[in-house]
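Take these sequences, add in the hints, and give me the full structure.
Note that the protein sequences, when read in sequence, are chains A and B. With this note's numbering as the guide, the letters of the first sequence map in order to residues -18 to 329. With this note's numbering as the guide, the letters of the second sequence map in order to residues -18 to 329.
Some clues are possibly wrong.
Since the list gives no way to pick one copy over another, a pair counts as held whenever it fits inside one copy or between any two copies.
Unchecked claim - With a Cα cut of at most 20 Å, we get these calculated EDC-like pairs of lysine to aspartate or glutamate: (1) 232 with 259; (2) 57 with 47; (3) 173 with 284; (4) 293 with 31; (5) 211 with 318; (6) 173 with 204; (7) 293 with 233; (8) 173 with 191; (9) 57 with 113; (10) 211 with 85.
Since the hints were derived computationally from the structure, they do not count as laboratory data.
Number of protein chains: 2
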Amino acid sequence: MRATLIHGPRDIRVETVPDPTIVNSTDAIVRVVATCVCGSDLWPYRGFTETTVPRRIGHELVGVVEEIGSDVATIKVGDFVIAPFAISDGSCVHCRHGVHTSCEQGAFWGTSHGGLPVDGGQGQWVRSPLADGTLVALPEMPDESMIASLLTLSDVMGTGHHAALGAGVEPGSTVVVVGDGAVGLSAVIAAKRLGAEQIILMSRHADRQELGRRFGATDVVAERGREGVKIVNEMLGGVGADSVLECVGTKEAMDQAIDTTRPGGRVGYVGAPYGDSELPIRRIFMRNVAIVGGVAPVRQYIEELLPDVLDKTIDPGQVFDLELPLEEIPEAYAAMDERRSIKAMLRP
Amino acid sequence: MRATLIHGPRDIRVETVPDPTIVNSTDAIVRVVATCVCGSDLWPYRGFTETTVPRRIGHELVGVVEEIGSDVATIKVGDFVIAPFAISDGSCVHCRHGVHTSCEQGAFWGTSHGGLPVDGGQGQWVRSPLADGTLVALPEMPDESMIASLLTLSDVMGTGHHAALGAGVEPGSTVVVVGDGAVGLSAVIAAKRLGAEQIILMSRHADRQELGRRFGATDVVAERGREGVKIVNEMLGGVGADSVLECVGTKEAMDQAIDTTRPGGRVGYVGAPYGDSELPIRRIFMRNVAIVGGVAPVRQYIEELLPDVLDKTIDPGQVFDLELPLEEIPEAYAAMDERRSIKAMLRP
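Here it is in structure tokens:
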């Protein structure tokens, strides 16, 4: 089959690799219907994290089950499935607590599991370990027009939802979203869905501002840093927001988040921490700003969000503004790296 | 009147200072019935924070109202009042959100308010600014035996409760308390009061272990650091605790707290951050450990906790193991500094 490997900074290649087969009795083979590039895939692409040997990449996918192991009980051949970005058994103590990203048997796509390599999502097929725990099957085959929104449930929509839950968004909340990538935009959807009254999106890009407004942002602030904080706080009557959703991962973004949260308010953060981003405890201590979030256990959220996607109450698939065949994935990375695209979908 | 001033490291003196008088129409004059020394008072005492000029000290007190300004509406002459450690108006947006420590007109005892000096709590009388907002009056004059527990509502009991709320303690929770000072011991009471099933107190001192068990600790772990974390996690089946209450403020204590929290669990922290204690964001991100807390808005909690104190459901006054006349306050500081006393009460 054809699958994507990263060889080093700005060196993304689609290559022929062995077809996956059932190895463990809990495996399923999934034909990938759609996959995409994540903001975090750009880290090795940009050389922020090192790539020592060529490796499979990609962790977001939806597809159709083609084969199952003998112990797979709930997933069936022919099911259309959403694969969250983390593999999990669904039964350990952490999964039962809803923290599937900390599963005792967990792994991530493109890494390894139980001593065996795990396929990356950006390919034609994957072997899914722990298929019953990991995959979520739809009740029926979805319409082609639904693919994009369903694909967001494998990561960005669930991650935005995690930020909103962490930040404690509830009906009537005032909300700030820091970050206008696909996660930040999904966080706008999540905040609106949970009943936020005011949603201020911090965004400098016209296309993303526009999409953010369509998703429910009531205000947009283009300024960043101290100036951005000042403007946001003025809009919030000098009080700060009840809930701030930090969807970037840099120190600058976290500083903006903390400084726009009202005393006693909450920062829900999902931006994977990057660089020198230790949390300034004195600043959060004196103002009772809570820091709640982390790597999103999106598996936990798919069942809750899926009905809203299926009945089109929410339409997160709009974050995809570029669709390419898998073979053209180098252009997908380049377009996202150069901010020509918010998020790129690939069709194997 | 006689009041306590700190002149520098280990230099605590009781001196004659001007009697307080009503200055603003919202003031009340309170005769101090009991006051005490806080763990945080030991910071300047030990020279960890600098004392540049002699200054009033102390921020915990209960007393009787002797005089009120013309605009004081709810507090009456003769009321027995609890003074929380922060002065607040009770009406600004932050007070309405229950974060009285961030009051727009707020101040702390022993500092200044509205350009005027504010008395420290360790004296015979205080002028209380914003009396209606700050002070909580009891329905009737309490029995002498209640004074100690009532005094804890001015700080440590409310602070322990804040840690327990921050950590999300609820019926059935597994809890770890890091710190066996008066706040840590109060946090044990708070965790039990909120329904915790298992409460592991990390404590090295026999007298504090004993008091902790009396307050509701089900287990005590004397080890600290990595060894302590290992033992606690073994007691918790390798999972970690739902809720960890960090009541110290050092990097070591926060590390213990984070490392004993289960994925998706919460650290409720109230230890005023000391030294190099920035939060290690990568460790909390990957495990979804929430950090919730800060300087406790104890004013918000007095009305909730007071009935349990009055009917003796809880008896936090047991944290006081030393009682001295105000004139002997240097010995109170020395006893706490040398860990001969958990917490010392002074009677002016």
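Here is how each hint holds up against the structure:
1. With identical chains, the CA atoms of residue 232 and residue 259 are at most 20 Å apart both within one copy (8 Å) and between copies (13 Å).
2. With identical chains, the CA atoms of residue 57 and residue 47 are at most 20 Å apart within one copy only, with a shortest distance of 8 Å there and 78 Å across copies.
3. Taking the closest pair of Cα atoms, residue 173 and residue 284 come within 20 Å of each other only inside a single copy of the chain (18 Å); across copies the shortest separation is 35 Å, beyond that limit.
4. With identical chains, the CA atoms of residue 293 and residue 31 are never at most 20 Å apart, being 40 Å at best within one copy and 61 Å at best between copies.
5. Taking CA atoms no more than 20 Å apart as the test, residue 211 paired with residue 318 passes in neither setting, with 29 Å inside one copy and 43 Å between copies.
6. For the homomeric pair residue 173 and residue 204, neither the shortest alpha-carbon distance inside one copy (22 Å) nor that between copies (47 Å) is at most 20 Å.
7. With identical chains, the CA atoms of residue 293 and residue 233 are never at most 20 Å apart, being 35 Å at best within one copy and 49 Å at best between copies.
8. Proximity of residue 173 and residue 191 under a CA criterion of 20 Å is satisfied intra-copy only: 16 Å inside one chain copy versus 50 Å between copies.
9. In the homo-oligomer, the alpha carbons of residue 57 and residue 113 lie at most 20 Å apart inside one protomer (9 Å), although the nearest pairing across protomers, at 67 Å, exceeds that limit.
10. In this assembly of identical chains, the alpha carbons of residue 211 and residue 85 lie at most 20 Å apart only when taken from different copies (18 Å versus 44 Å within one copy).
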